[in-house]
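Undergrad: Take these sequences, add in the hints, and give me the full structure.
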Amino acid sequence: MQTEMLEKNIEVRDLLGAEVKRVKEAVADAVDNCAVAARRAVKEGRRAAENLVDDAEYAVKQHSLSALGVSFGIGMGLGAVIGVLLAHNGRGGR
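Residue numbers for the sequence shown follow the numbering used here, beginning at 1 and rising by one.
Hints were generated in silico from the structure; no laboratory data involved. Keep in mind that this is a model prediction, so the values were computed, not measured. C-beta atoms are modelled at their ideal positions from N, C-alpha and C, and glycine is treated no differently. Do not take every clue at face value.
Computed list of lysine-lysine pairs in DSBU-like fashion (alpha-carbon distance at most 30 Å, straight line) [said to hold, decoys possible]: (1) 24 <-> 8; (2) 61 <-> 43; (3) 21 <-> 8; (4) 21 <-> 43.
Cβ pair distances, simulated, as ranges [unchecked claim]: (5) 46 <-> 82: 32 to 42 Å; (6) 73 <-> 36: 38 to 48 Å; (7) 62 <-> 87: 34 to 44 Å.
TA: Written as structure tokens, this is what we have:
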């Protein structure tokens, strides 16, 4: 009786060990796949950002006066907002 229980325990231990090994391998494969996908996504994002910068440079070169006007307008608008905020804070926040 005791020998049968010992044999059964050994069998269960071996089965559990094999299952644990299988699960560990599956998890390791999944982690590797995710790491590869993340690296690909970073590379694609970098390429997209470089393309966007190139397109912006090209657009500015093609429409330099418009780009200058837009930049000037944005600068004036930000300057006005900052001036109003500084004047508002100078009055004690009223």
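Undergrad: State for each hint whether it applies.
TA: Hints versus structure:
1. At most 30 Å may separate the alpha-carbon atoms for a hinted pair to count; residue 24 and residue 8 meet this at roughly 24 Å.
2. The suggested pairing of residue 61 with residue 43 holds, with an alpha-carbon distance near 27 Å, which does not exceed 30 Å.
3. The hinted pair formed by residue 21 and residue 8 meets the criterion: a straight-line CA distance of about 20 Å does not exceed 30 Å.
4. At roughly 33 Å between alpha-carbon atoms, residue 21 and residue 43 are farther apart than 30 Å, so this suggested pair is violated.
5. Between residue 46 and residue 82 the C-beta distance comes to about 34 Å, which sits within the given range of 32 to 42 Å.
6. For residue 73 paired with residue 36, a C-beta distance near 46 Å keeps the hint of 38 to 48 Å intact.
7. Under the hint 34 to 44 Å, the C-beta atoms of residue 62 and residue 87, about 39 Å apart, fit the expected range.
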